[in-house]
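Enquirer: Sequence:
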Amino acid sequence: IYWVIISNILKTKKKMLSLLLAVCLVLTLMPTTALATETSTAATWDGSIATAFEGGNGTADDPYQIATGAELAYLANNVNAGENYEGTYFVLTQDIDLNRIPWTPIAKSFSNALFGSLDYYVFAGEFDGNGHTISNLTIGTESVPLEADVFGLFGATDGKISDLNLKNVSINGVAKTVSGYAIGLAGGLVGAANGPVENCHVTNLSLNMTTPDSGRAAAYWIGGLVGVLDGSQYIKKCSVSGKIEEASGKGSIGGLIGELGEKAKISYSRANVVLNVASNYYGGAAVGGFIGNGNSNEETMIQNCYATGNVTQAAAAMASFVGSDASAGYAYGSIKNCYTTGSVVGTAPNKYAFAMQDATKRSEITNCYFADVNADIKNTNETSIAKSLEKMKEKGFVTLLNDSDDSNGWFFIEGQMPLCGAEPADYSKVDEAIAKADALNKDEYKNFSAVEAAVNAVDRTKSKAEQAEVDAMATAIENAIAALEKKPASSGGSYVPVQKPEVVSMPNILDYLT
Numbered sequence: 026i027y028w029v030i031i032s033n034i035l036k037t038k039k040k041m042l043s044l045l046l047a048v049c050l051v052l053t054l055m056p057t058t059a060l061a062t063e064t065s066t067a068a069t070w071d072g073s074i075a076t077a078f079e080g081g082n083g084t085a086d087d088p089y090q091i092a093t094g095a096e097l098a099y100l101a102n103n104v105n106a107g108e109n110y111e112g113t114y115f116v117l118t119q120d121i122d123l124n125r126i127p128w129t130p131i132a133k134s135f136s137n138a139l140f141g142s143l144d145y146y147v148f149a150g151e152f153d154g155n156g157h158t159i160s161n162l163t164i165g166t167e168s169v170p171l172e173a174d175v176f177g178l179f180g181a182t183d184g185k186i187s188d189l190n191l192k193n194v195s196i197n198g199v200a201k202t203v204s205g206y207a208i209g210l211a212g213g214l215v216g217a218a219n220g221p222v223e224n225c226h227v228t229n230l231s232l233n234m235t236t237p238d239s240g241r242a243a244a245y246w247i248g249g250l251v252g253v254l255d256g257s258q259y260i261k262k263c264s265v266s267g268k269i270e271e272a273s274g275k276g277s278i279g280g281l282i283g284e285l286g287e288k289a290k291i292s293y294s295r296a297n298v299v300l301n302v303a304s305n306y307y308g309g310a311a312v313g314g315f316i317g318n319g320n321s322n323e324e325t326m327i328q329n330c331y332a333t334g335n336v337t338q339a340a341a342a343m344a345s346f347v348g349s350d351a352s353a354g355y356a357y358g359s360i361k362n363c364y365t366t367g368s369v370v371g372t373a374p375n376k377y378a379f380a381m382q383d384a385t386k387r388s389e390i391t392n393c394y395f396a397d398v399n400a401d402i403k404n405t406n407e408t409s410i411a412k413s414l415e416k417m418k419e420k421g422f423v424t425l426l427n428d429s430d431d432s433n434g435w436f437f438i439e440g441q442m443p444l445c446g447a448e449p450a451d452y453s454k455v456d457e458a459i460a461k462a463d464a465l466n467k468d469e470y471k472n473f474s475a476v477e478a479a480v481n482a483v484d485r486t487k488s489k490a491e492q493a494e495v496d497a498m499a500t501a502i503e504n505a506i507a508a509l510e511k512k513p514a515s516s517g518g519s520y521v522p523v524q525k526p527e528v529v530s531m532p533n534i535l536d537y538l539t
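So the sequence shown is numbered by the working numbering: it starts at 26 and just counts up by one.
These are computed hints drawn from the structure, not numbers from a lab. Careful: at least some of the hints might be erroneous.
Derived pair list, reagent style DSSO-like, types lysine-lysine, alpha-carbon separation capped at 27 angstroms [claimed, not checked]:
hint : residue 1 : residue 2
1    : K471      : K489
2    : K467      : K420
3    : K454      : K361
4    : K416      : K461
5    : K418      : K461
6    : K268      : K467
7    : K268      : K290
With beta-carbon atoms standing in for the labels, derived distance ranges [unchecked claim]:
hint : residue 1 : residue 2 : range
8    : A460      : L143      : 46 to 54 angstroms
9    : E323      : A460      : 49 to 57 angstroms
10   : N103      : E439      : 29 to 37 angstroms
Glycine included, each C-beta is placed from N, C-alpha and C at the ideal position.
All chains should be built: construct the whole structure from the sequences, respecting the hints.
Expert: Here it is in structure tokens:
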């Protein structure tokens with residue numbers, strides 16, 4: 026009996042050793058890149074603030090690298106301590122999930138600049154999003170809105186912001202009272218942009234603003250992308266989708282930009298934003314599907330842009346594209362090759378089918394179109410043209426917008442409204458190809474460098490007009506994977522030596538028995 030017990034113990038232990046060896050072998054042979062994919066998704070912010078950037082030295086050739094929410098918060102913390110980073114460069118190296126943790130804008134206050142004081146904050150560096158996405162940006166809540174003078178990922182900028190995507194942006198704010206005036210500059214990306222913005226996109230925006238009960242609205246400008254764009258700057262290849270609600274009936278409110286400065290230039294951009302503004306006779310809001318109020322001069326230009334959101338209510342002026350123009354008759358710019366599809370419904374005394382055009386000299390509007398649902402509110406001085414939504418989906422409408430010159434950039438996709446280059450390309454095929462590459466164990470192949478090169482060559486800044494280039498990136502990765510050659514079996518994988526049977530001594534057996 027004694028030896029039977031010993032034999033059974035030895036058999037059991039042998040099975041355990043075999044199982045352990047099998048597990049070790051599986052873990053050894055498991056592709057290391059496959060394990061890494063679990064951490065390759067967007068970095069989720071925990072609310073902490075880093076003490077340094079990921080890398081770089083801030084030059085154009087070697088920009089500061091930002092890979093986490095903590096490092097982005099570090100940038101905000103430094104700017105809000107007085108560092109403006111003029112002439113300094115930054116690059117985003119990974120998607121970041123801000124996790125709906127309350128965000129303080131980078132450059133959190135700008136109102137003193139409006140009153141001639143030097144006591145304000147501004148980000149004057151160059152920020153390259155590198156095609157990455159910052160998601161779940163949250164400022165204030167519906168029950169506890171933030172009281173401030175600037176709202177957005179950035180409060181105020183002096184440098185260029187480019188190639189950045191924002192997804193799921195929630196802003197609930199109350200304008201701040203400064204010297205008896207309500208000041209509120211709000212945009213999904215930037216509150217007050219004193220520098221250019223290029224190839225930036227905001228999706229799923231929810232922007233809710235109001236003013237204190239007392240006080241005049243001196244600078245109260247709300248836009249889906251930018252609250253106010255300073256004169257002589259530009260916005261190019263940008264887009265916004267979502268909704269804006271304003272509860273006081275004041276200010277300048279637009280799907281893309283609230284207030285447009287003189288000499289500014291906007292091109293190849295779109296706004297798909299529903300605007301709902303309280304009707305307050307004393308508020309005097311100017312609301313537009315694309316721009317709320319445009320302070321134009323002869324150098325101001327808006328071209329190859331479109332707006333698709335409905336505009337509801339306003340107190341002073343409202344339109345499907347530009348709600349109001351400059352108050353002086355001598356101030357004017359130009360709008361050309363643009364269209365809108367949204368409806369205009371409200372009690373404002375000044376309603377326009379497309380944009381403000383009165384008897385006095387206003388912006389010169391050429392080759393622009395609006396949905397025929399607004400035909401009955403077209404001003405007799407408006408030069409824009411009514412079109413049905415069905416006609417707008419025809420290829421001939423693209424030809425009209427291009428003014429018979431395809432280099433203008435409008436392009437046709439069957440069943441869709443014309444696209445202008447503001448629409449980000451679809452990278453789903455690229456992501457699928459990268460996932461295949463990540464699932465491979467590169468140590469099993471003779472040379473994995475071609476796959477790595479194809480993945481590293483992916484450029485996430487392309488628009489739908491460049492979709493063929495994006496699809497080619499996916500094909501390049503797939504082809505590189507297909508061309509891989511495995512190492513010979515004798516040299517592939519990791520060697521696991523055969524384990525010698527453990528010599529079980531009598532004391533060990535006695536230990537088992539006890």
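Enquirer: Would you pick out the hints that fail for this structure and give their numbers low to high?
Expert: Hints 1, 2, 3, 4, 5, 6, 10 are the ones this structure does not satisfy, whereas the remaining hints hold.
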